[in-house]
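A.B. asks: Chains as they are written, first to last, in the numbering used here: chain A, 1 to 244; chain B, 1001 to 1490.
Accuracy of the hints is not assured; some may be wrong.
Below, simulated DSSO-like cross-link-like pairs (lysine-lysine); rule was C-alpha separation at most 30 Å, straight line [unchecked claim]:
{"hint": "1", "chain 1": "A", "residue 1": "LYS152", "chain 2": "B", "residue 2": "LYS1337"}
{"hint": "2", "chain 1": "A", "residue 1": "LYS133", "chain 2": "B", "residue 2": "LYS1300"}
{"hint": "3", "chain 1": "A", "residue 1": "LYS213", "chain 2": "B", "residue 2": "LYS1337"}
No lab work stands behind these hints, which were simulated from the structure alone.
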Amino acid sequence: MLAGGWRGGGAAPRILIVDDDPNLLVLLADQLRNDGFEIQTARDGEEALRRLDGGWPDLLIVDMMMSRMDGLTLAREVKARADLPIIVLSAIDTADSKADLLEEVAEDYVTKPYHYPELRARIARVMRRLGDKVPRRELVLGPELTLDLRRKSATVRGESVQLTPTESRLLYALAANLGNTVSTETLLDRGWGDTDDADPSYVWVTMRRLRQKIEPEPDRPVHLVTVRGVGYRLVQHNPPAPSA
Amino acid sequence: MSDAGRRPLDLPGSTGTRPEPLRIGPSMSFRARLTLALVVGALLPLTVFGVVLLITEVIRTGNLDTTLVQVVLFVLAAAIIVAVSFAYVLTNNLTAPLKAVSKAVERASAGDLSVRIEVAGEDELARLVESHNRLAGALEQRNGELRRILMAIGETSPRDGLERLVAHATRSARAAFGMIDTRIELGDPTMFPIEEDIPGEARPVRAVLALPDERVGVLLGHLPATRGWDAADQDLLELYASEVAVAIRNLELFDQVERQRQRLVELDQAKDEFLRGISHNLQTPLTSIRAYAEQMGAEKPDQRLGIIVEQSDRLYRIVRQLVATSRLESGTMRPGKEVLAIAPRVRRAWDALGASGTSFELDDETDGWLAIADPDQLDQVLWALLDNAARYGGGAPIRARVAPRPNEQRLAITIADDGPGVRPEDRDRIFERYERGAAGVRAEGTGLGLYVSRSLCQAMGGDLILEPASTSPGAAFTILLPAEPPAMES
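In isolation and in its complexed conformation, chain A is listed as follows (with noise of 0.2 Å):
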C-alpha cells in the first residue's frame, strides 16, 4: 500500500514523540523502531523542551491536548526555535475551526485513534519534504500573485485566497524547484501520498481548480505551465528588486 517505513540509505531519521498517555507513547515508539526510526519519547512539552536541548530530531509528533501544556504552545515553542516539522496527532479533524490554528504550527496532524500506515504515510510524505527549500515567507511570482504556502495563502491581484492542504502541499512541490518541470507522478506522490486510490487525474483537476483561484487569466496559465507528458513547472514572471 505505502512506501514501507525508513528502509533507505544514510542514517535512521530521528523522530521525537510528545504524548501524556504513557500507553500510546510506548506502543507508538514500538511501531516506529519496527520501521526503521530512531525515537525518543517525551510525556509533556517541558521534558519535550529539555530533550530538544540536547539535539534536534527530524520530527516531532505531538498529541494536541496535553495536561501540562498543550500541543498547540509546545508546536509555536518549536517553532521559535527552529523550523522542524511537527506532525500533530489530535482529536480534531480537517473541520475543525481549530485546524487553522494547527495550519499555522504543524505540517501535518492525524487523528486519534490513528491508523498506524496512514501516520507512517504522513511521516514519509513529510520526510520527503525536507529536502525542498522554499521561502519561508512570501513568494512572489509576479505583480499579481504572490504565495504564501506557510500561511497557505495566496494574495492574487490583491485579495488573499485560501489555499486547501493539498493546494499548497502541490504548490509547495512546485515553488522547491521553481521554473523547473516537476513530473506528475511526483505531484501525486506530495498531494495524495497516504491514500492508494489517486490517480493522475487528481492532479489535473485540481491543477485546474488552481488556476481558477491564482492565475489571472485561468485559460491562458502563465504561473502554472503544463509540460505535455512530463508534469508542471510553476514560472516567475517579472522578480522583483531583490531587496523586496
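Chain B: place on chain A using the hints.
C.D. replies: This is chain B only, laid out in the frame that chain A set:
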C-alpha cells in the same frame, strides 16, 4: 378646576357624568343690554320732564307753543346723542376686560397657559380674572409635572439596574411634584404606615407602586405645608407610581431574560467543553486499544482482534458524531474542499464497518468525475448511511451507486437496501436530531446519524435526500456533492 386638570390624563375614576353648565341671563349680548339700559335710564326722566312741561304749558296758556315743542325735541335729540355716545364709551370700558379674559381663556384652551391678565382693583371682575389666572397657573404647573414625569419615565432603561432606576424615579418625583423629600420603598406597601396630615406642618403624600397583579412598593414624600394638593394631584402621583412599578417590572423581566441568556451561553460552552473533554478522554484509551489490537493482529492473525479493532472504530465514530453535532450547532464546522474519487472511498467505508454478513454491491459510473469534499466528514456520512443500511436492511444486500449529474456539476452517491424501508409517516422526521424511527429507544446508535450526515453534506455544498419510496423496495438515500468533470492533462 379639577375637571380641567384631569382632562389630559383621562384617569380611571374621573369618568363620572359632568354637571350641566350654568346658563345666565337672556340671549341678548351684554353690551347691547348695557347700552339699552344707559340710554333708557338717561332719556326716560328727560322725556317725562318734557311731556310734563308741555302739558303744564297747554293747561296754563290753552295752546301749544311750537317753539317750546321744538326746544324740548331738540333737547331730547341732543340727550339721545350724548347718552348713546356716553353709553358706547362706558360699555366699551366695561367689556374690554371681559374681552381680555375671554381671549386669555381661548388661548389657554388652545394650550398656551402662560397668559395672565392684570386688572386693578378688587371688584368682581378682578376676582374673575384672578381665578382665571389661578386656573391657568395650576394647569401650567400640572402640565410641567406631567412632562417631567413622562421624561423621567422615558429616561429609564432596564439596563440601568434596580438601584439606579429607583434613585432616578425618586429624584424625578421630587422635582416634578415639588416635594420636600421623597423616597421609594420596595416591598409590601402596608409595611409603611400612613402618616397623619397635621395642618401647618409638611403634608405627607403617598402612592402605591401598583401593577394589575402586584403591589411592588410605595412612594412616600412630604410637600410644603403651603402647597395645595387635590384629587388631580393625587391621581397624577398615582399614575407616576404605577409607571415606576411598570419600569421595575420591566427591569426584573429584563434581568431574568439576561440571566437566562447568560446561563444558556455558559451551558453551551460547558457542553462544548464537555464534548471536547469526553471525546479526548474516550479517544485516548481507544487509541491504545485499537493500536494494540492492530499490532497483535499483525503479529498473529486472530479474528477476535479484528472485532476489537472494528468495535473501537465503531465507538470512535459515535464520539465523532457527537462532536460533529456540537460543532454544527455552534457553527464552528468548516469542511475542507479536497479533490476526491468517491467509489474507492465508499468501498473503504464499507470495509471499515466490518459488516461481513451482508453482501455489498458497488456500481461505479463516475466516468472520471471527482467530488470536492472534506475527506474526514465524507467518511462520517458514508459510515452513517452504510451502517444504517446494514442495520435496518435486515441482512438484505446493499447496493451503492456513484454517478455524476453533469448538469448540476454534482456527483450522486445512492445507497439502497432491501429492508422494510422508511414508513411514510417517518419520512419527514428521520433527518431530525435524536430521531430513531420505528425502532425507538431500543435502537442502537445516537439518533444523530442522519441529522449529522445531512448537515455535513449541506456544509460541503451538497445535500442528503431520501429517495421516494417508489424507486426502491427498501430505503434509498442519495448523497449529492459538488463535483468536477474529468480533466485531461492541460
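A.B. asks: Checking one constraint from the list: CA of LYS213(A) to CA of LYS1337(B), max 30 Å. Satisfied?
C.D. replies: OK: LYS213(A) and LYS1337(B) at ~13 Å, within 30 Å.
A.B. asks: LYS152(A) and LYS1337(B) were given as a pair; does the straight-line alpha-carbon distance stay at or below 30 Å?
C.D. replies: holds, 13 Å
A.B. asks: Would you mind confirming whether the straight-line C-alpha gap from LYS133(A) to LYS1300(B) stays at or under 30 Å?
C.D. replies: violated, 43 Å
In this structure, the one hint that does not hold is number 2.
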